[in-house]
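Number of protein chains: 2
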Amino acid sequence: MPRVSQDHLDARRRQILDGARSCFARHGYEGATVRRLEEATGLSRGAIFHHFRDKESLFLALAEDDVLRMTEVVAQQGLVQVMRDLLAGPTEAEGETPADWLGTRLEVSRRLRTDPEFRARWAERSEQLTIATRNRLLRQREAGKLRDDVDVTVLTAFLELVLEGVVSHLAMGLPADDLEPVLDLVEETVRRHRRAG
Amino acid sequence: MPRVSQDHLDARRRQILDGARSCFARHGYEGATVRRLEEATGLSRGAIFHHFRDKESLFLALAEDDVLRMTEVVAQQGLVQVMRDLLAGPTEAEGETPADWLGTRLEVSRRLRTDPEFRARWAERSEQLTIATRNRLLRQREAGKLRDDVDVTVLTAFLELVLEGVVSHLAMGLPADDLEPVLDLVEETVRRHRRAG
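So the protein sequences, as listed, match chains A and B.
Sequential numbering of the first sequence, starting at 1, is according to this note's numbering.
Sequential numbering of the second sequence, starting at 198, is according to this note's numbering.
Source of the hints: derived by calculation from the structure; they are not laboratory data.
Nothing here was measured: the structure is a model prediction, and the numbers come from that model.
Possibly wrong hints are sitting among the right ones.
Stated by the list, open to error - Residues from chain A that face chain B, not an exhaustive set, calculated with beta carbons under 8 angstroms:
hint	residue
1	T130
2	V166
3	G173
4	P181
What the hints assert, rightly or not - From the structure, some residues in chain B lie toward chain A, with a derived Cβ separation under 8 angstroms:
hint	residue
5	Q273
6	Q274
7	R316
8	A317
9	R318
10	A354
11	F355
12	V379
Glycine included, each C-beta is placed from N, C-alpha and C at the ideal position.
Isolated chain A (complex conformation) (with noise of 0.2 angstroms):
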């Protein structure tokens, strides 16, 4: 039997991942059984438990994931991309769909109203966006691009506000095809000002 290399254990993983990310989204974190993980993933459930612990392992992996990709559009575009790439969906390469990505965020939300313990595990994580956030906006402020009349640290929460505004809007299925014209004036709000005269 050939040893398991490195890529086929992160490709095993991507598609334990990917299989559950839909299953969460469709049955919510109770309803996602070992059973349905096992249909969504196309792999045993050993196979799966040989890479997440349990099934709280697995689900703070896929919300963790998410954190990462956004913190990385977060350093090279800023949070108001972030809201774009939202509403423009998600592109075909990540082969997932709008509300795959909300089931998790959703779910985050709920667990974060309902569970103290899984609050205190998400804090960390969250806050990983905020760092993202603030660098990016201290970065933009050296470049002479940002206002200098606001302190960063409530620019970082305003932008966080809004982002937290997008999801809820998504979630609730409200039509999002007016909120380009939004985005372009929160932008403009954090960037510098042009004086007249």
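Assemble the complex: chain A is given as a structure, and chain B must be docked to it using the hints.
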């Protein structure tokens, strides 16, 4: 037996709504059984369903009640004030906890996601808040207090998106003590810009 006065009917209706609000907040819509509604309101099912046709009607009356109150605040003080009130928590006169208010709002969100029929019924109600916000902004623009380089429709959608963010933020039990300066920024964003020179 004396005839039941309108005042008495109104008070009874209020008693049912107040009890039901805590009940829905604590147990969710599905978990708020008739038995629990009786306990929470201190009234019999006969009395409760004399005033409201069924549980669905009772819940909608409650949610409408919230929208109406928010609409009144918007007309007088604008949507940012609604957000400030949410952060500050309820007044003692209202005798509600923020959790109660949020409970109703979250139940609305959940049903919007999962129940297309409810979504249609709710659209009319939530539109009242949009109209009140828009009218308030139009009056502010006439009074020269609003920026005139962005369409009122966009400013309305911007404020509503931030409100959704505030509700979601509070619902997740995240710290809200840093949001006051963010709301200042939101308010400033819709105001007429002071120009230099």
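Restraint: A317 of chain B near chain A, CB-CB cut 8 angstroms. Satisfied or not? 11 angstroms, violated
Please verify that hint: V379 of chain B, Cβ, nearest Cβ of chain A, below 8 angstroms or not. 5 angstroms, holds
G173 of chain A as an interface hint toward chain B, with CB separation required under 8 angstroms: 6 angstroms, holds
Could you check if P181 of chain A really has its C-beta closer than 8 angstroms to a C-beta on chain B? With Cβ-Cβ at 5 angstroms, under 8 angstroms, it holds.
For the restraint on V166 of chain A, tell me whether the closest CB of chain B is nearer than 8 angstroms. 7 angstroms, holds
Do the numbers back the hint for R318 of chain B, that is, is its least Cβ distance to chain A under 8 angstroms? 14 angstroms, violated
Proposed interface contact between A354 of chain B and chain A, which counts if any beta carbon pair is under 8 angstroms: 5 angstroms, holds
Is the interface hint satisfied for Q273 of chain B? The criterion is a beta-carbon contact with chain A at less than 8 angstroms. 23 angstroms, violated
Hint validity - F355 of chain B Cβ closer than 8 angstroms to any chain A Cβ: 5 angstroms, holds
Closer than 8 angstroms between Cβ atoms is the bar; does R316 of chain B clear it against chain A? Give me holds or violated. 7 angstroms, holds
Hint Q274 of chain B vs chain A: min CB-CB distance below 8 angstroms? 20 angstroms, violated
Less than 8 angstroms between beta-carbons is the criterion; does T130 of chain A satisfy it with respect to chain B? Nearest chain B Cβ about 11 angstroms off; hint violated.
Checked against the numbered hints above, the structure violates hints 1, 5, 6, 8 and 9; every other hint is satisfied.
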